[in-house]
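**Student:** Residue strings, one per chain:
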Amino acid sequence: MKRRLMIAITSIVLASGVLPAQAGLLDNVLHPFRTARRASGKSASAHAGEVVWSGLVMADNAPAPSKVPAELEKIEPTLKELFGYSHFDVIGQSRNRLVTGQEDWQAASSKHFVLHVDAQGENEGGYIINLKLVQHETTEPPSDQLVLETATKLSKRSPLVIKGPQVGGGQLLLVLVVQ
Amino acid sequence: MKTFEEKWTAWLDDKLAGAELAAFESSLPDRAAAEAEKASVRQLRLLLKRELSPSMMTNEEFFSHQLRERIALGQASTSAHGAHSPWWTVPRLLWSGAVSVAVFALCAVWVMQDAEPLEQSQSLTQVLNARLDPTVGPDATVTMFETKENRVTVLWTEGLKSLPSDYAAK
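So the protein lines, in turn, are chains A and B. Numbering follows the numbering used here, in which position 128 of the first sequence is assigned residue number 128; successive positions increment by one, without gaps. Numbering follows the numbering used here, in which position 168 of the second sequence is assigned residue number 168; successive positions increment by one, without gaps.
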């Protein structure tokens, strides 16, 4: 009888210590969305000061492929598989630091293309940005032609790749990576 | 004054003597039948004495008997105690606790596994909307998807006007 009483008391003491420790886990289990919000809020604040690399990339099957840019190294296999090209050449690029998340900048440009970025601020898990791809004609007089416009929530976890127009024997790609 | 039955019982037990015995025997209507019955009663008495006499135990038998009784008593008490003991014995408590913790852990892992992809998908890049200018392709379409490998978000366009190779200039 005494032994049972001691075991019962020990169990209660252990449970009183374990339950608060498990409360966090239980809370995560019961409120996954609240946890996601907390995590994403932290992630969003951590975005301040992060660098966004944007690139205009020409993909083709050049006979002598050059070294892939460092920014594309990680996603190169995916690009090859998606678009069927073996060579990726950056024809325009830009790095911009997001501080307030409300910056506007000319992200990347080449002789004929300009990528404009209008940052709308932080949101859960990333930045809301408006992207505009503009085609620049060097005719007289020069003119700009809007090709594509998109609103995107850009996250550090996943890069954004936009398939542009076919150019010669290759393909224009727009790539944005949060570094 | 004794009744006939009392005198009959005493005669059977050989407790009548003298004039009383002679008077009783002379009063019997059938002396031979009475003697036969008396003999029969005597035999019955002897038989009962022989068969119903208490048997004496030796010392070894006595102790053995006592031991058997004690063992039987102990077993009965143990079984009675077992019948009334509570279900929550110490080993059962321990097993129940271990099983409960294991079940809780399994459920927690299962729920967390389900919750994790949701969190991840929420924090990936998402295309909220996209529009192609009709002048660069009247029938151009745009679709969006996400690759499993590297989790690349792709905005896929189709039907844009092709451009000459000099547009690839840096």
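What the hints contain is simulated information worked out from the structure, not anything from laboratory work. Don't take every hint at face value.
Pairs of lysine-lysine, DSSO-like flavour, derived with a Cα cap of 30 Å [as the list claims (entries may be wrong)]:
#1 B/Lys-170 with A/Lys-156
#2 A/Lys-74 with B/Lys-170
#3 B/Lys-170 with A/Lys-111
#4 B/Lys-161 with A/Lys-111
**Student:** Run every hint past the structure and note whether it holds.
**Tutor:** Comparing the hints with the structure gives:
Taking the CA atoms of B/Lys-170 and A/Lys-156, the gap is near 27 Å; set against the 30 Å cutoff, the hint holds. A distance of roughly 23 Å separates the Cα atoms of A/Lys-74 and B/Lys-170; the hinted pair therefore holds under the 30 Å criterion. This hinted pair checks out: B/Lys-170 and A/Lys-111 have alpha carbons roughly 5 Å apart, not beyond 30 Å. Distance check on the hinted pair: B/Lys-161 and A/Lys-111 sit about 18 Å apart at the alpha-carbon level, within 30 Å; holds.
Against the hints set out earlier in the document, no violation occurs for any number.
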